[in-house]
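Undergrad: The sequence shown maps to residues 1 to 131 in UniProt numbering.
A hint or two may mislead.
Stated by the list, open to error - Here are the simulated lysine-lysine pairs, DSSO-like style, with alpha carbons at most 30 Å apart: (1) K22 <-> K113; (2) K94 <-> K22; (3) K113 <-> K65; (4) K17 <-> K104; (5) K17 <-> K29; (6) K29 <-> K113; (7) K29 <-> K104; (8) K17 <-> K94; (9) K22 <-> K104.
What the hints assert, rightly or not - Just the calculated beta-carbon pair ranges, DEER-fashion: (10) D71 <-> K29: 25 to 33 Å; (11) H118 <-> A95: 29 to 37 Å; (12) R90 <-> K113: 27 to 35 Å; (13) A110 <-> V25: 13 to 21 Å; (14) K65 <-> K29: 17 to 25 Å; (15) M58 <-> K104: 14 to 22 Å; (16) V25 <-> Q62: 28 to 36 Å; (17) V25 <-> R88: 18 to 26 Å; (18) D71 <-> V109: 16 to 24 Å; (19) L69 <-> V25: 27 to 35 Å; (20) M58 <-> A2: 27 to 35 Å; (21) P10 <-> D71: 30 to 38 Å; (22) K22 <-> D100: 18 to 26 Å; (23) D100 <-> E27: 17 to 25 Å.
Worth flagging that the hints you see were computed from the coordinates, not collected in a lab.
C-beta atoms are modelled at their ideal positions from N, C-alpha and C, and glycine is treated no differently.
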Amino acid sequence: MAILIVEDNPTNAMIIKHLARKVTVEEIKVAGDGNTALMLCHAENFEMLIVDHLLPGMSGLQFVKAVRLMDRYRDVPVVMVTADDEPRLREEAKAAGITDFLQKPVEAVAFRKLLSDHLGAGAVHPELRSA
Numbered sequence: 001m002a003i004l005i006v007e008d009n010p011t012n013a014m015i016i017k018h019l020a021r022k023v024t025v026e027e028i029k030v031a032g033d034g035n036t037a038l039m040l041c042h043a044e045n046f047e048m049l050i051v052d053h054l055l056p057g058m059s060g061l062q063f064v065k066a067v068r069l070m071d072r073y074r075d076v077p078v079v080m081v082t083a084d085d086e087p088r089l090r091e092e093a094k095a096a097g098i099t100d101f102l103q104k105p106v107e108a109v110a111f112r113k114l115l116s117d118h119l120g121a122g123a124v125h126p127e128l129r130s131a
C-alpha cells in the first residue's frame with residue numbers, strides 16, 4: 001500500500017516525505033494540490049492521506065470532504081498537517097473526516113507514533129519499532 005502526502009509547498013512536502021521515508025516501509029507519493037490528489041485517489045488506493053490545511057484551489061478540508069465521499073476512503077486515516085491550533089479548526093476538521101493532526105513543524109517522533117497508531121507497527125521500519 002501507499003501513503004499520499006498532499007502539500008503545495010515543495011519544501012514542506014520534501015520534509016514530510018523525507019521523514020516518512022525514515023520512518024515507514026510504505027510507498028510515498030506527493031500531490032501539490034487537492035485536484036491532483038483527488039485524481040490520484042480515484043486511480044489508486046492509499047492506506048493513509050497526509051493533507052496540508054491550506055492548499056491552492058481547494059482547502060485541505062474541502063479535499064477531505066470530497067475524498068470521504070468515495071467508499072474506499074471512508075475508513076482510511078486522514079491526517080491534517082497544520083500550524084494552526086485553533087479549537088474551531090480542529091472541530092471543523094473532525095467533522096469533515098480528519099482522523100488526526102500533525103503540528104507544524106513536523107517532528108520525527110510524533111510522525112512515527114502517528115504512523116504506528118494508525119497503520120500498525122508493521123508500517124514502521126523494524127529497527128524503529130521498539131524506539
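Undergrad: When the hints from earlier in the document are held up against this structure, which numbers fail?
TA: Hint check: 10, 11, 12, 17, 18, 20 fail, others pass.
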